[in-house]
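> Protein chains in written order, with my numbering: chain A, 1 to 295; chain B, 1 to 551.
Think of the hints as simulated: they come from the structure by calculation, not from any bench. None of these values were measured; they are calculated from a predicted model. All residues carry an ideal CB built from backbone N, CA and C; glycine is no exception. Keep in mind that the hints are not guaranteed to be accurate.
[As the list claims (entries may be wrong)] Beta-carbon label-pair distances, calculated as ranges: (1) Lys160(A) to Ala191(B): 53 to 61 Å; (2) Thr19(A) to Leu403(B): 22 to 30 Å; (3) Arg274(A) to Gln538(B): 43 to 51 Å.
Chain by chain, the residues run as shown.
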Amino acid sequence: MPSKKNLKKLNVFCSTSSTRLNEVNNLLIPSLEKQTYEGEIHLSLLNYEANEKIKEEDIIDSEKLHIRIINPPKPLGFGEAHNYSFNLVKPSKYFLIINSDIYLERDCIKEMIRTFDEDTGLIEVRQLPFQHPKDESHKETFETSWASGCCLLINVEFFKKVGGFDPLYWMYLEDVDLSWKSWINGYKVLQNPKAVAYHFTGLYFRYSPNRYYLEDFWSLRNFFYISYVYWGNKGLRRAKEIVEKIPYYDKEIKSEAYQNFLDLKENNRIKKIRIPTNLENKIHIHGYNKFSKNP
Amino acid sequence: MNNDFEIYRLCRDSETVRRLKKHEKKYNLPKTNYHTDKDLYTFFNEILKDCQKDYALVCHDDVIVPINISSNVNMAIEKANECFGEQNWGILGNAGIEAVSKKTRTFIADPHTSILPYKTEIPILAESLDGNTMLLNIKSLKNKNVSLPKNLKGFHLYDLILCMESYKKGLVCGISSWLYVKHDSPGNYEAFINASKQRQFQNYFKNSFSNHLITSINDNIQVEREYKHLNRNSKNLLSFEETIQKTISSLYKNSPIKLNVLIRIHTPSRKVFRLLETLEIFRRNLNKNVEFNVILGINNISEKEISPFIKEIKKEYSNLMIKDIYIKESRERYPRVNVIGEVIKTIEDEDSYIWIVDYDDFVMPEIAKHIQWVLSNNDIVAGDSYVFNEQWDKKKFPITSELSDIIKSENINTLLTGKIYIPVCSIIYKTKILKRIFNENQLLGDYYEDYAITLLAVKDNEYWCLPLPFAGISYHGGNTVLEQDRTHWDYSYATFLSEIINKNLVNKKTYSLFNSLPPSRDAEFESFKKGLIWKYLQKYRKIKHLIKKTI
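This is chain A alone, in the form it adopts within the complex:
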C-alpha cells in the first residue's frame, strides 16, 4: 500500500438532475459530511438534464462542505458532464466522481486517498451490497481490470493526458473505456477493498423491465462501440454474436442498439485503440453484461 499523503482539498463531482435532489440531500451530502477524511470537500453538483435549473435553495445547508451548482446550457451525457465540471473547476492532483444515490461508509474517502499515488490512474470503491462480479481485484496490489464510475477517484494528470471521458458513450461503459486507457497509458487501476460505498442500484431489482429500457439500450449500444474500438470488426462480430444469445432482451432493442452504433460509426471518426500484448489479461471481454453470466 502506498504511503499516506496529506492532501487538503478534495473536489467531488456529482452529475445529477433537478429530479434527483432528494438523493443529493438525503444520501450524498450527509454521507460526505460524516467522512473521517480531514481535508476540505468541495462538491460540484452538475445538472446533466439542463432543463430545469438547480438552485441554491434546493440544496440543504452544509457546514462541512463547499457546494457549487453547475447548470450547463445543454443536456450532457455521463462522461461529458464530468469533463464539463473538470474543465470548469480545474482540480489538482485528483478528484472524485460520484453518483447521487451513493452512500459512503465513513472511512471511504480517507481510504481511497490513502491508496493514491502518482502511478495510479483510477481508484474505485468496493460497492455493497452488490459487488461488481468482474475479475476480483488482486489481493495484495488491489489492481483491477476496470473501475466503476459510480464512485471513482481520478488522477488529474492521467485524465488530462487521455482527454477525459469519451463523450461518444453518452452513458454506460465510459468507465470501462477510461480504465483501459489508464492501463494502456501506464497508470494503475485499483480497487481499495476498505473503501466501501453502499449503492442500492435499481438495476438488480428488475421486477419491471421497462424501467430499465434506457439503461439496456445504452449498455447494448456501447457494448458494440467498445468492442469495435478495442478489437475492430472482429470484436464487433463477436459482440453481435454474444448479444444475439442474450435471452432477456427482445430483438427490437438489440437491433435498435446496433443501428444506433452504426449511425455513430458513420457520423464520427472513431479512433481505434490497440491493446499492447502485455495488457491482454487486463483488457478483455468475457461476455456481455457485468450483471449476468455469459450467454
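Based on these hints, arrange chain B on the given structure of chain A.
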C-alpha cells in the same frame, strides 16, 4: 348503501343492442344506455360530460355481467371509497396491471383465463386497466376535469390512456374482484399492436411521459424517442410510473405509520454496523409521517458483557434513536422466539408494524419510498430477499459478498406445501397479529419459528406478496443456517410441523389441491437422476472428459 349508477355499452350493431335489451329485461339488469356508430374516445368523453349519475359502468358489448351486478358495483364502490377515499379514485376495473409490481391481475372469465381468482377485500392499486368493464367515478373525474384527449380516435388504447389521464390529474385506479364478469372476446392483439404504432398514440405517449416503454395488459408499447437525451426531454416529463408513484404517495402521505425494526442480537458482532448503515439510509428515504423505531432485542448474553458495544452503536447511529431491550430468561422459550415475544410485549401500539431483522442481515432502503402506502391497507406484507454468500473478519462490512439467490415474496405461498424458504426479514407484520400469535401459542423450539409465525399469521389474515426488495440475507461461516450440528434444528422442525398440522393450518381444500397437482419437474428430475440412464450418462461424460484431457 345504494350508489347511483348507470350502465353504458357501445355496441357494434343494432342487432347486438336488441339482444342486450332483451337480456336487460329478462334478468332485470340496471338501466343501460346503448350506443352505436361512434368511436370509443368520443363515447367515453360523452359519458364523462353528460352522465348525471355518480358512477357509470362502461362495458363492452360482449361482456356478460352477473345478474346481481347492482349489489356488486355497490360493494366495489364502497370498498374503493373505504380504501382510497371517495374523491381520490377515478376508475375501477376487473383486470389490469398492478401498480409498482406490474403483475397482471384479472377477475374475469375469458378465453385467456383458466384459473379462478381469489377475492381481495380491497381494490388492488392499478397502473392501468382493461377496457372490458370500467367503473367511472363520474364525480371525481368531473371534478378533476379528466377526459380522453380530443385528438385521439379509434377503438384501442382508450382504457390505458384514460388511466394515464386519471393519474395525471391525481386520481388512482383500482382492480376490484367485485367487478367480475364473463368476457366472450379474447381481444385483438394484432389490432392493438398496429394501433400502438400509430402516430396519434405515439405522439400522445411521447408528449405525456418520459417512458421509452409502456406496460399494458395487452403487451408492452415501445415509444419512439430520440435517444440522445437521458430520462427526460425538454418538457421535464415524468415517467408514467413516477406519475403513479407521485399520486399514490400523495394519497397516503398523511396516513401515519409506525414501523418498529426489531434487531435480534446475541453477540457484540460488528456485523450489525452494516445493518445499521442500511437502516440509516432507509430512514433517510422515509416520509415524515412514518415514525421509525429501532429496537435491539438482546438475548443470550449478559448486559455487562455487551453494554459497552451497545453504547458504541447508539452513539454512532444516534439518528436512529435505538432502544435496547435485554431479554432476561432467554432459554425459557428458546432465545430466538423468546426475544420476539418479549419485545412485542413492550410495544403498546397494536396498529404499529414490526419488521424482524437479524443483526447479520440488512434492509434494502428502496422499499422506504413505498412503505407508507404499502402498509396502509395491509397487515402482512412479504417482500423479496436477496441472499449473499459472504466472508467476514472483524470489520463493519464483509470481505466478500456475492449475490447467490433471490428469495421471492411469493415463496410465502409454498409454506403450506412444506417448502419452508422465506426468511423472517422478508415479512412485515402488524403488531396486533404477532401479539395474538404469542398470546395464543406456546411456540416451543427455535430456528423454525419464522415459518411457524408466518403460518399462524396468514391463517386468518390477508397477506400481500410484493415483488420489491425488502432485505439482504447473509450466509457466512458463523451463522445458524450453516451450523454443523443440526440436532436442535431437527427437534424444532419436528415440533413446529406437528403444531402446524395439529392446529389445522393446512385446510382440507388446500391439501387436496396440492395433492391433485402433477409432480413438479424438479421431483421428476430427481427421480430420473436415481435411474440407470443417468448413471451411464455420467460415466460417458467422465470418459469423454478423460479422452479429451489425454488428447
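> All hints, please: hold or fail.
Going through the hints against the structure:
A hinted range of 53 to 61 Å holds for the C-beta pair lysine 160(A) and alanine 191(B), which are about 58 Å apart. At roughly 28 Å, the beta carbons of threonine 19(A) and leucine 403(B) sit within the given window of 22 to 30 Å. Separated by about 46 Å at the C-beta atoms, arginine 274(A) and glutamine 538(B) satisfy the suggested range of 43 to 51 Å.
Of the hints listed earlier, there is not a single one the structure fails to meet.
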